[in-house]
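Asks: Dock chain one against chain two, each of which comes alone in its own frame, and use the hints as you go.
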Amino acid sequence: MIYSEKVMEHFENPRNVGVIENPDGIGEIGNPVCGDMMTFYIKVNENRIDDVKFKTFGCGAAIAVSSIVSEMAIGKTIEDALKISNKDVAKELGGLPKNKMHCSNLGADALHKAIQNYLDKEKTPEKAAAEPSAKKKDEISCPFCEGPMEGLESFCKQCHTELKECPECGDPVTTKNETCPHCKAPLKNK
Amino acid sequence: MRKVYLDHIAAAPLHPEVSSAMMPFLTDKYGNVQSIHLFGQHLQTAVEEARCQTAGLINAKSEEVYFTSSGSEANNFAVKGLALAHQKKGRHIVLSAIEHQSVLYSAKSLEKLGFSVTHVPVDKQGVIDPSDVKKAIKTETILVSTLLASSEIGTVEPLKEIAAVCHDQDVLVHSDAVAAAGNIPVDIRSLDVDALSLSANQFYGPQGNAALFLKKGVRILPFIDGGIQESGRRAGTENVAGIVGMGKAAELARMNMAARNSKILPLRDKLIAVLPNAVERMIVTGDIKHRLPHHVSFCVEFIEGEAMLLSLSMKGIAASSGSACTSKALKASHVLLAIGLDHALAQGSLVFSLIEDNKEKDIDYLLDVFPPIIERLRSMSPLYAKYQEEK
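Here the protein sequences come in this chain order: A and B. Just so you know, we're using numbering that gives the first Met the number 0 here: the first sequence kicks off at 0 and counts up by one. Just so you know, we're using numbering that gives the first Met the number 0 here: the second sequence kicks off at 0 and counts up by one.
Worth flagging that the hints you see were computed from the coordinates, not collected in a lab. For clarity, every value in this text was computed on a predicted model and none was experimentally measured. Note that the Cβ used here is the ideal one computed from N, Cα and C, for glycine as well. Possibly wrong hints are sitting among the right ones.
If you only want the chain A side, here are some residues facing chain B, beta carbon under 7 Å, derived [as the list claims (entries may be wrong)]: (1) P31; (2) G34; (3) T38; (4) K52; (5) T55; (6) F56; (7) G57; (8) C58.
Now the stretches of chain B that chain A is said to cover, found in silico as 3 or more residues with beta-carbon under 8 Å [what the hints assert, rightly or not]: (9) 305 to 315; (10) 342 to 354.
The shape of chain B in the complex, shown without the other chains (with noise of 0.2 Å):
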């Protein structure tokens, strides 16, 4: 059976040249970071040069580099640990209604700590107008946190609008870019963000391994107390092999972001012009220009999200969805219900994300087997027997 994996959301495979820059860590190039020692030295080396390679995909400067386990911790480490260090100014949080939710659910600790939480809507496309985050800020208003982009409908936010906003007022902004960073250009110079999280997942490289950009001289409080790892701001032995992997894949998307993508947008485009005419009453989701260029997202009409994926699966294929029943939570995706979807709609989401890998065929292959398996469930549906009747 063909396999074509479309689930670069959830974890992009390993590019070959991350895995063999990891391997001597995972073999004979061991010892601790801190060490004093010539093995330690060795992986100090290789650990700084990472930090370098990471940077330079955001344009930050190396020293504005902390390593984290995942893009979830990035997120964490930012929400929780600038809002601690801040809050002599005031305890309130902006947040948008699209957030992940490693955002979402660290900003609620802190309302159990006595922070005040703004959600700011987007429009039916999901996209956050930057008026609406500044009326949403207060005088007590000490950080924005903003998704560069969305993994659930690939909208692209203004982001470099958002944090001009928030920077007029005195403002701290952080970014979730896990979906966008390595996928398309990030420059926290241009943007003019404070924190900014990235994931080497999303960009070819290993998972467990992500970081947390945070401008120099802004003040935040250690995620991990310990030792002096991270600058003493996230302690914890080093991951050397997924720290050098990660310094590698991003050194790779930056020098590869236009070649990758040039050949990911045909067949994306393919997907987005192609597929809502082959199926009845299934519509795109999030905003189709600005959007990202390995992401595709629909909402079909009358059937479930996990019984397509299981149906695809079957077919050897791999993608997403933001149904209830895929979550463990049983509830419908918060981003799809903010731009404006009803429950029922909610359900049918489903998600293809495109690698590098992917060839015409696959599309081609995904376009042929999908109608029939919309139409074997659809039979199924009560929905839809409904909606015929109605017809």
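Next up, chain A with everything else stripped away, as it sits in the complex (with noise of 0.2 Å):
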């Protein structure tokens, strides 16, 4: 595995490391778990992202795609900013290795989340008390690292467990679990 000049320059010299007090947005992901976690403060002027600050527990790609990320974001309007996708990332980075393609999905994650943050705390409280479609995404959940899933896989996008459902109950469960994590159902595993 080798890195890129750009992603080893960056690991070296990362931009916008730091923390902002009274950010508009403050975007957290990734546990340990899986070996990356990120967290991402905005702030926002006139619909336009002003600054953008970073702290990063993880690997060197996880660390240059954090950096990359909050070059790319200061100055972009939300709506650009919210249309950077991993793979923008990757490639401004001149490529990541393959084992480390989910870093790059973590950084613009991340941003992306404290966007919503920003943009929850815009809303009127009526707007945001009509919106219990939006948590229920979040419920589904990996079974070992407990990162966000879209919908049941055959593995966790954040830190690459085998995953399948549980007979019972549908949730996801690892190929390890005894018992389901969620209804306690016991599993056939090995």
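Replies: Here it is in structure tokens:
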């Protein structure tokens, strides 16, 4: 596994490390089980991202990704910043090793979470109350690393643990779980 | 920039006497060991001498040594070959919880064939309790495979006691001694094991050369079917230069082990004594007393291993880590989880393993550059920020 020069350069001199006091939005993603954790802070001025700061626990790729995402986001409108995808981030870094692609996912996701946090705060209380459906998505999470999941998949995008469906409640379980962590049904794993 | 190699467990450098011994077999001494003509006969003599030298390192007879292409192959050969040859007696295997992947996954393959596997836990220092092995043995158990020393945490296991427990119950014992052989005395007669894996690159020999010791009279299934090489148990044209190199390296290791270790030990102990005091929230992993002489391992809280390795590499220092990010599988090391570390702490794993050429200046250089590296990475870490807030 070899990192591109740009990844190494951002790892060595990461831009925008730190915390914003009284930020307009905070986005936190990941957990130590899969090895990466990022917290993004944003400052928004007239629908434009004025400043971004981050703190990251993780590998070289995770730190470089955080750094480049912060650079890519500063100066963009909210709409454009939401369009930054993991693919864009990897491309901007001159590519990432295949097994590190999930790290670049995290950078854009953490930024989007911070923006969502900002947008939620902007909303009137009535509007905020009227979105229970948005929460629903978060209810499915990886039973191993608790990472977010968009429906049942054969492995967790965040920690790459193999997953299957609990025959009782339909929630995701790892192939090593002896009982379902949700409904406690015994599972026929070896 | 100063270059400091502290990654013996990945591979030790080739000793100059080893490369000189190998060179003729890469140039003018050519042919095939199995040929009847004079070219082949020269090579056969060289291979048999190397077998004798390799056997001498572990007090085996030369006909008990089978050359393989890697420690992983030797482990596959032993675990699969012994299990399949003895399955009429039973289909149960016992491993420790901290085996190398080549042992773990060999056993996994056997599970697919209907074998069952029990993993014996270890204590917080990574030590296997022989009485736990005894408890795990059932009437259908045919094989116990346990490492002699862990390359991840440096702990040396009570193999002799484990083997005694197994033989009491008529169970075969294989030991993965790849990290240990050539670095600490390994005597297969005194340990009383039936099979043992060793690898040349762990004692200044060439990469791609290893061996399996198999006690005379113990049945095993051939690992590579084909010709008559390695007594028909591991077919394939011999890697003569590599085998000669392994033999030479084994001889040097046997003769120089004490001298090498007396140079390395004070450096290792300096690292163990100084580093955890230079950086807060940093622990030594593995057993301090029963430990490989060239091995120091730590877990540094709030930061991740790969980021430390990259930072050290920028300063010219080579080390290793068992963090999820450094493994291709992106999973925390099963060894670190088995000694009871949580995922976050296991991510901060770091291993320094010394080679005989390391000098005290190298260690002082590491001690110099290490704390600022940790400080820089922690200044970026949200976990460290939380820790400081709570403090």
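Asks: Determine which of the earlier numbered hints do not hold for this structure and return their numbers in increasing order.
Replies: Hint check: 4 fails alone, others pass.
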